[in-house]
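Novice: Chain G is fixed; fit chain Y onto it per the hints.
Respectively, the protein sequence lines represent chains G and Y.
One point on numbering: in our numbering, the residue at position 30 of the first sequence is 604, and numbering is uninterrupted.
One point on numbering: in our numbering, the residue at position 40 of the second sequence is 614, and numbering is uninterrupted.
To be clear, the hints were calculated from the coordinates, so they are not data collected in a lab.
Any given hint could turn out to be false.
Just so you know, same-sequence chains aren't split out, so a pair can sit in one copy or run between any two.
[As the list claims (entries may be wrong)] Simulated crosslink set (BS3-like; lysine-lysine; CA at most 25 Å straight-line):
{"#": "1", "residue 1": "LYS627", "residue 2": "LYS615"}
{"#": "2", "residue 1": "LYS644", "residue 2": "LYS627"}
{"#": "3", "residue 1": "LYS615", "residue 2": "LYS597"}
{"#": "4", "residue 1": "LYS580", "residue 2": "LYS627"}
{"#": "5", "residue 1": "LYS580", "residue 2": "LYS644"}
{"#": "6", "residue 1": "LYS580", "residue 2": "LYS597"}
2 protein chains.
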Amino acid sequence: MDIRAKIGERIRELRDKLNLSQKDLAYQADLDRSYIAGVEKGQRNISIVNIEKISNALNMNLNDFFNDAKFNS
Amino acid sequence: MDIRAKIGERIRELRDKLNLSQKDLAYQADLDRSYIAGVEKGQRNISIVNIEKISNALNMNLNDFFNDAKFNS
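Extracted from the complex, chain G is given alone in its bound form (with noise of 0.2 Å):
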C-alpha cells in the first residue's frame, strides 16, 4: 500500500476512535477540511509539519502516530 494511503487510514482511525468529524480535526490541526478529506483519501504527500499538526490534534506524538503495523514495512 502506498504511504501517503496509509497516512490517511491512520488518520481516520484515530479520528473515527476519538468520534471526531473531519471538521472537528480540521479546526484542532488549523488546516482546511477538504485538505484533510483529500489526505485521508490517500491523495495527499503530505509533509511533516502538516502530520505533526494533524496528530498534535489527535492528542499524539509522532512517535505514537507510527507506532502502528501499517508502518512496519
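Specialist: Frame of chain G, contents of chain Y only:
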C-alpha cells in the same frame, strides 16, 4: 525543537551510524545530495514520500524511524 530540525537530526544520526556520506544516502534514496543536506539542517518541510525514501535507504521502516525520544513530545 522544530519538527524539521528533529527529522534532520534523526537522519544525520542514523546516517552516521551506518557510516554513509550524504552522497551515499542521496544515491540510495534517489534524492539530490543538496536536498539531503537541507533536510539534515532542518531547512525542509519534508514530505512523507521522501521520509519513507530516506528511512528505507537507512534500512528502517517508519515505525522504527519515529521510535526515538525526539518524537515523544
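Novice: For the identical chains here, do LYS580 and LYS644 meet the 25 Å Cα criterion within one copy, between copies, both, or neither?
Specialist: both (6 Å within a copy, 23 Å between copies)
Novice: At 25 Å max between alpha carbons, let me know whether LYS644 reaches LYS627 within a copy, between copies, both or neither.
Specialist: both (20 Å within a copy, 16 Å between copies)
Novice: Using 25 Å as the alpha carbon limit, work out where LYS580 and LYS627 are close: within a copy, between copies, both or neither.
Specialist: both (17 Å within a copy, 15 Å between copies)
Novice: 25 Å Cα cut-off: does LYS627 pair with LYS615 within a copy, between copies, both or neither?
Specialist: both (18 Å within a copy, 21 Å between copies)
Novice: When Cα atoms must be at most 25 Å apart, do LYS580 and LYS597 count as within-copy, between-copy, both, or neither?
Specialist: Close inside one copy (21 Å), not across copies (29 Å); limit 25 Å.
Novice: Reference check for the pair LYS615 and LYS597, CA-CA at most 25 Å: within, between, both, or neither?
Specialist: Only inside one copy: LYS615 and LYS597 sit 15 Å apart there, 34 Å across copies, limit 25 Å.
When each numbered hint is compared with the structure, no violation occurs for any of them.
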